[in-house]
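Colleague: Chains as they are written, first to last, in the working numbering: chain A, 1 to 347; chain B, 1001 to 1347.
All the given hints hold, so there is nothing to weed out.
Ranges between beta-carbon positions, derived for each pair:
| id | chain 1 | residue 1 | chain 2 | residue 2 | range |
| --- | --- | --- | --- | --- | --- |
| 1 | A | ASP15 | B | LYS1222 | 36 to 42 Å |
| 2 | B | PRO1120 | A | SER19 | 49 to 55 Å |
| 3 | A | GLY37 | B | ARG1292 | 20 to 26 Å |
Treat the hints as calculated values from the structure; they're not laboratory data. We put the beta carbon where it would ideally sit given N, CA and C, even for glycine.
There are 2 protein chains.
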Amino acid sequence: MPVGTQGTVKAVPQDTLESLGAQIILGNTYHLYLRPGHDAIRRMGGLHKFISWPHALLTDSGGFQVFSLNELRKVTDDGVRFRSHLDGSSHFFTPEHSIDVQIALGADICMAFDECTEYPASRSRAEESLRLTMAWARRSLDHFRAHRHLVPWSDPKACCMQCQCFGIVQGGMYRDLRRQCAERLVEMDFDGYAIGGLSVGEPRELTLEMIAETLPLLPKDKPRYVMGVGYPDEIEQYARLGVDMMDCVLPTRAARHGLLFTSEGRLNIKNKQYAEDQSPPDPACGCMVCRRYSRAYLRHLMQSSEALSGTLNTIHNLAFYLGIMRRVRDSLEAAPRSAAEALKAES
Amino acid sequence: MPVGTQGTVKAVPQDTLESLGAQIILGNTYHLYLRPGHDAIRRMGGLHKFISWPHALLTDSGGFQVFSLNELRKVTDDGVRFRSHLDGSSHFFTPEHSIDVQIALGADICMAFDECTEYPASRSRAEESLRLTMAWARRSLDHFRAHRHLVPWSDPKACCMQCQCFGIVQGGMYRDLRRQCAERLVEMDFDGYAIGGLSVGEPRELTLEMIAETLPLLPKDKPRYVMGVGYPDEIEQYARLGVDMMDCVLPTRAARHGLLFTSEGRLNIKNKQYAEDQSPPDPACGCMVCRRYSRAYLRHLMQSSEALSGTLNTIHNLAFYLGIMRRVRDSLEAAPRSAAEALKAES
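Next up, chain A with everything else stripped away, as it sits in the complex (with noise of 0.2 Å):
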């Protein structure tokens, strides 16, 4: 899932996106919620309608911007208290204001509000994070269910026809809290479910370790979503561990500093190796800027900090990760195998 954190994927057309197959967008509660205002947004139709995307939509809960963006943010059992990094105003997320901006944003699908339990984390801290989480997911639900009416779309068949909820196993590094935790959000019966807090600085291995821990735990006729991941390998050896969802700002990130991800592996454009080379980014990609566009340009785009440099960067990082998925689903559309399977295959 492309992410689109002020309500736009950074520097490309919506039209764009739909042309390179991207049936779902992220958007991010906590800056919607600062600029323009959920409010706003919500008497405007909604998300959707503002931004011109008439597919789905999956919004965060906020706290992980509030927990990274906020050195002064202060936490309590019943929310945490920030300040807006755009002019220090204070603001307060509780579970239930976190859904009621999430609904009023109109997304198809809500996070419920969780603690993205850092890393390092000693167990206790881990354990107390849990508990927060767990109590948070319970509130988060509840309150989604009191007030999905709410939404605002104008036509439910522009986009789902129902909004959901999903809830976010956490757990830190400890196989038995993400057990408990996963164990916990099933019981809830949550429409589909994440895994936080991985790719938080831990090794790759402890990552891998946490999935395949965690995804036996949810139901299979339900999304299964990791949140945050990553590299284009990552992508590929978790959507064939059953993994459905992913979403990342490293592709478009990576494509805005020059980092182009290639079937030859990583390409930085800024080296001066390319800059005759007439050649395409990626020579066995078939995406628009490919077939049209050399290195040498590229590079010179990005020498020259040209906008046009970020649009073309990222258009081919975006049409690479689909490209991966799109793969992979018809590899499994091909000879499906189970999650067990493909996981005694990795070890």
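Following the hints, complete the assembly by docking chain B onto the known chain A.
Modeller: Quick look at chain B alone, frame taken from chain A:
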């Protein structure tokens, strides 16, 4: 003609320019000479191929940038010495060198090297400047004729059949100097003629007066080009007088600053009044931006410093400008009238 300073019309992909109906874009010789360098572009087959623009390209002579970006320039009869705004390195441009660079870039239309007379300029200053421009026009044309075959097109059918060279009428705001320059340039038999040194701070009536004075002296069967103009009503006015070509950074630069040109006048998309305005930027416009996005969304992108803002604003402004020229062409085809008649109607 949209301006593509550094080999890109800022923030707009080439396929979008094509779908907007742009037939020709500008490249800036000064910028491309400094980065990535005309030799590199020649080695890669020319600017068309480098930027993937298989349509017409016009390059300026570099003179305007040398004069406007360089406070330390030194002008002699031979040429201009200046320092790069990128790294301070010293460079020397002569009419011959400017033409060599433009031929290396592979422009379809090269411009003679000229001095853009500043405004205001005393009569003696304008005379002296014109003397230089006319001597440089001769040298530019001679050098062009001797070297035009060196153009790096591998496939001449990809763009124009032969590259051309336009002369530039200067003369400050002195009607007789403009006349004198036009007559001398026409004697030299350029492929087309530009009127330069306008829109440099003079009142608009004076711009019109200089165009009206000069235009009838330039052959009707060759392109007549007014450089560096202008606002939507200006380009319509000049086109109806018989001007065939114009270029200006205004639609693209203004767009990046949030100024949209519409059928209802200028619209500053940053204004708070548009915060929840769900109407399209220009209700009378059918461009891809007006068909899909609202003023509220464009304002949000601008307020959030999102790259998509520049892209969408620019696409609309270019669509608006190209639409004006299309309407003028259509109406001239429907009911042609001479430039003299149009002038009479203006006065």
